[in-house]
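Peer 1: Top line first, the protein sequences correspond to chains A and B.
Note that my numbering has the first sequence beginning at 1, numbered continuously upward.
Note that my numbering has the second sequence beginning at 1, numbered continuously upward.
In short, the hints are calculated from the structure, not lab data.
Certain hints may be false.
Given that identical chains are not distinguished, each listed pair holds provided it fits within a single copy or across any two copies.
[Unchecked claim] Dumping the calculated DSS-like pairs for lysine-lysine here, alpha-carbon to alpha-carbon at most 25 Å:
1) Lys88 with Lys4
2) Lys92 with Lys4
3) Lys39 with Lys17
4) Lys17 with Lys93
5) Lys93 with Lys39
6) Lys39 with Lys63
7) Lys112 with Lys70
8) Lys17 with Lys128
9) Lys70 with Lys92
10) Lys93 with Lys4
11) Lys113 with Lys4
2 protein chains.
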Amino acid sequence: MEFKHVLPADIERTSMKIIGGELEERGITVPPENEAVVKRVIHTTADFDYAENMRFTEDACRKGIEIFQKGGVTIVTDTNMAYSGISKPSLKKLGDDAHCYMADPEIMEAAKKAGTTRAVASMEQAAKDYPDSLVYAVGNAPTALIKIAEMIEAGLRPLMVIAVPVGFVNVVESKEYLMDTCEKYGIPAIAAMGRKGGSNVAACICNALLYQASNTLDPSARGWKG
Amino acid sequence: MEFKHVLPADIERTSMKIIGGELEERGITVPPENEAVVKRVIHTTADFDYAENMRFTEDACRKGIEIFQKGGVTIVTDTNMAYSGISKPSLKKLGDDAHCYMADPEIMEAAKKAGTTRAVASMEQAAKDYPDSLVYAVGNAPTALIKIAEMIEAGLRPLMVIAVPVGFVNVVESKEYLMDTCEKYGIPAIAAMGRKGGSNVAACICNALLYQASNTLDPSARGWKG
């Protein structure tokens with residue numbers, strides 16, 4: 001069996017080149033401002049459907065990069081898997097953080113008491129803990145997205161929402177509701193519309209923004225020595 | 001916006017029914033012995049390509065279930081994300097375990113010294129630590145699969161290999177090499193052929209087997225009180 005001799009460091013670059021070439025072959029044009037996110041999602045899934053199913057509120061990527069560059073942000077995920085996938089070195093470099101409440105006994109208890117899902121209880125707790133510095137990244141539970149949209153209607157202003165739950169029940173509708181709500185209230189949001197998505201996709205979109213934020217960071221702006 | 005009123009506990013059942021129905025509509029017949037795995041992968045990705053791209057060595061699912069039911073197995077993953085996604089309650093119930101070496105400083109050091117990837121160094125370390133009780137679950141690195149196949153050629157006998165890296169460079173070829181090698185040496189293996197896969201898919205295949213193992217476990221066989 002013959003394998004291509006590609007240095008580990010070059011694999012990502014080579015992959016992105018292949019993805020770019022195939023997008024061209026398929027006649028798909030991704031707006032340049034969304035390209036880094038869309039290509040990274042395709043890189044994570046090998047699924048070109050994402051070239052056409054992603055929805056961005058106006059300037060969502062640029063705004064997301066700026067949000068992460070300011071620092072002090074906490075990304076709250078609805079699965080420990082998504083949490084695991086988010087680049088910790090990039091968060092650290094930017095002065096941001098990530099958290100997942102799903103395994104907390106208090107959250108299990110709160111969900112049980114309220115007759116709701118742990119994902120919903122997690123989103124509510126995040127809104128209490130980080131009302132002004134919160135980015136939601138949802139890769140699994142449509143109930144979490146619905147709750148976030150309801151909290152936005154009620155006055156919550158998360159800095160950004162990544163909305164990519166996957167599945168067959170209420171997933172399609174929850175993303176439409178969330179994206180319409182974010183557009184209405186001017187909250188930057190990125191979604192994969194339709195059924196597709198997942199914890200890996202949620203982490204990957206965060207990383208696409210974090211990498212860009214981290215690579216274009218002006219160290220002097222944060223008082224760092226580089 | 002109207003949402004379907006489905007109890008959390010019923011969402012999975014409803015989803016599986018939808019998936020079954022759409023497989024039928026598409027005229028796709030999944031062999032009954034592989035159905036639980038294939039359907040769970042579609043449930044995790046909302047991607048019906050997996051109904052046709054998965055490859056199983058003979059009786060891989062039944063053998064996998066039996067392996068996990070015996071207990072004492074360690075699943076070693078090539079990402080912390082896949083590790084996070086594997087059901088810890090099921091592992092515990094069955095007396096099995098999971099581990100990921102990717103963040104270990106010793107592994108980083110070993111990889112650097114050998115001029116290889118951390119994934120390769122992880123697979124090698126796993127072979128040393130669990131030579132007789134090892135299930136590999138690879139959702140990211142084709143280099144890990146190639147190393148596993150080489151170690152099998154050299155005499156290693158993992159109990160099972162889940163082979164679902166995703167990507168554009170050496171991924172297709174690495175899965176073919178691994179599956180051919182596993183077939184040659186009678187090692188149960190499950191792969192998603194082609195480019196698709198991922199850490200979520202690796203965890204999901206493990207869980208499909210673990211859930212079945214756990215649900216059909218005879219407690220008396222392990223001396224448990226149930």
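Peer 1: All hints, please: hold or fail.
Peer 2: Okay, the hints, checked on the actual structure:
1. Lys88 with Lys4: neither (30 Å within a copy, 37 Å between copies)
2. Lys92 with Lys4: neither (34 Å within a copy, 40 Å between copies)
3. Lys39 with Lys17: Within one copy only: 10 Å inside, 32 Å across.
4. Lys17 with Lys93: neither (27 Å within a copy, 45 Å between copies)
5. Lys93 with Lys39: within (23 Å within a copy, 40 Å between copies)
6. Lys39 with Lys63: within (18 Å within a copy, 38 Å between copies)
7. Lys112 with Lys70: For Lys112 and Lys70, the Cα distance exceeds 25 Å both inside one copy (37 Å) and across copies (34 Å).
8. Lys17 with Lys128: neither (43 Å within a copy, 37 Å between copies)
9. Lys70 with Lys92: For Lys70 and Lys92, the Cα distance is within 25 Å only inside one copy (12 Å; across copies 42 Å).
10. Lys93 with Lys4: Answer is neither; intra-copy 33 Å and inter-copy 42 Å both fail.
11. Lys113 with Lys4: between (55 Å within a copy, 22 Å between copies)
Hint check: violations occur at hints 1, 2, 4, 7, 8, 10; the rest are consistent with the structure.
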